[in-house]
Amino acid sequence: MLTDGFVLGAASGGFTVLDSLYQLLAFLVLMWLLKKFAWAPLMKVMKDREEHIASEINQAEDAKKEAKELLQQQQEMLKNARQESHTFIENAKKQAEVQKEEIIRAAREEAERHKEAARLEIQQEKENAVAALKEQVASLSVLIASKVIEKELSEKDHAELIQESIKKAGEE
Amino acid sequence: MHHEEPVRELFWGLTYNPSNILMITISSLIVFLIALLCTRKLAMKPTGAQNFIEWVMDFVKGIIQSNLDWKNGARFHLLALTLIMYIFVSNMLGLPFAVVYGHELWWKSPTADPLITMTLAVMVLGLTHYYGVKLRGAKNYLLGYTQPMKVMTPIKIVEEFSNTLTLGLRLYGNIYAGETLLALLVSLGTSGIIGGVLAFPLMMVWQGFSIFIGAIQSFIFTMLTMVYMAHKVSADH
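Sequence order for the protein chains is Y and F.
Be aware that the first sequence starts at 1, since it is given in the working numbering, and climbs by one per residue.
Be aware that the second sequence starts at 1001, since it is given in the working numbering, and climbs by one per residue.
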């Protein structure tokens, strides 16, 4: 009885082979049940979650990349716009400069022309006046002379003399 | 202090132990109920019970991954999960009480019976051989016995049997010893007032320790299962 206690499976009742078969069967059934009711659905959920997280991360990465690209685009556009406006202003300045030169030149020419015209007119007027004066002086002096000297000289000699003296006076 | 095991004969001399049958059934039922209750409300955002069962699954996955790469090891996940849960629950069953009817012990851990643990061990080792042949081919499987040198072959063959034996008997020994000591403490506690005062704290300490032992043994059994599996199915061992 004592030695029996140390023999495997013979602790008190001998080798109960059906227990072994039952254990095996129970374990397999338990495994099958666990698979059907717990393991498979749980694995599915865990896998779904894994995929969900992965896709979310991918999406986030894509969005980040897109945002980066957009930012770069915007920066590019801003730079272009700035440059464009700069050149625009520069051109306008240049054009204004040219226009200013043009206007000043035109004004100067106009003034020059006016001056010239005025000068010519003055000259003309002066000449006219001198001519008229000459004529009047001639007739006036003849009149005066004739009145002073009366018939001492012929009118023809007299006119000659006066013309000569006027010419001299004009030359002086 | 020795309780008889109830042994009945079915027919033609085939005997069975109804207490084992009972406890195996109860263990399996409890494991199944735990798993079922923990997976009733499955959600992407896990809560409560689902967190627990997922932690168990990850724990088992960790055991497998410490021996095999997950590509090969994923197929053993269910096996390891069932093993660790079943053995843990079995180990716990004998701790709170034992039921003795007449002189026969009816309520105990099923793993306190060497036949049960040896059945599990033989099943596990059988599976390692099966998967060894299936995953690596019969030739590589047989060549595995001559590694690292041919002289080792007899030792390798003996190792297979000793592995089986130690795997089963380690579990049995730990649980049976724990329950035997509990039974001794109970008989001390019921022997008189002094015995009762003495036995009470000892019972508490030993039960706490047995919970620890039971958990550790279920972990070790699963871990060794995967170690033996890794020996057979991966080439670099």
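Hints in this document: simulated from the structure, not taken from any laboratory.
Small disclaimer: the values here were computed from a predicted structure and weren't measured.
All residues carry an ideal CB built from backbone N, CA and C; glycine is no exception.
Heads up, a few of these hints could be off.
[As the list claims (entries may be wrong)] Stretch by stretch, here's where chain Y covers chain F in the computed footprint (C-beta under 8 Å, at least three residues):
1) 1050-1060
2) 1075-1084
3) 1088-1101
4) 1112-1121
5) 1139-1149
Results of checking the hints against the structure:
1. 1050-1060: Since 4 is at least three, the answer is holds.
2. 1075-1084: holds (count 5)
3. 1088-1101: violated (count 0)
4. 1112-1121: holds (count 7)
5. 1139-1149: violated (count 0)
Figure legend: structure checked against the earlier numbered hints; hints not met, in rising order: 3 and 5.
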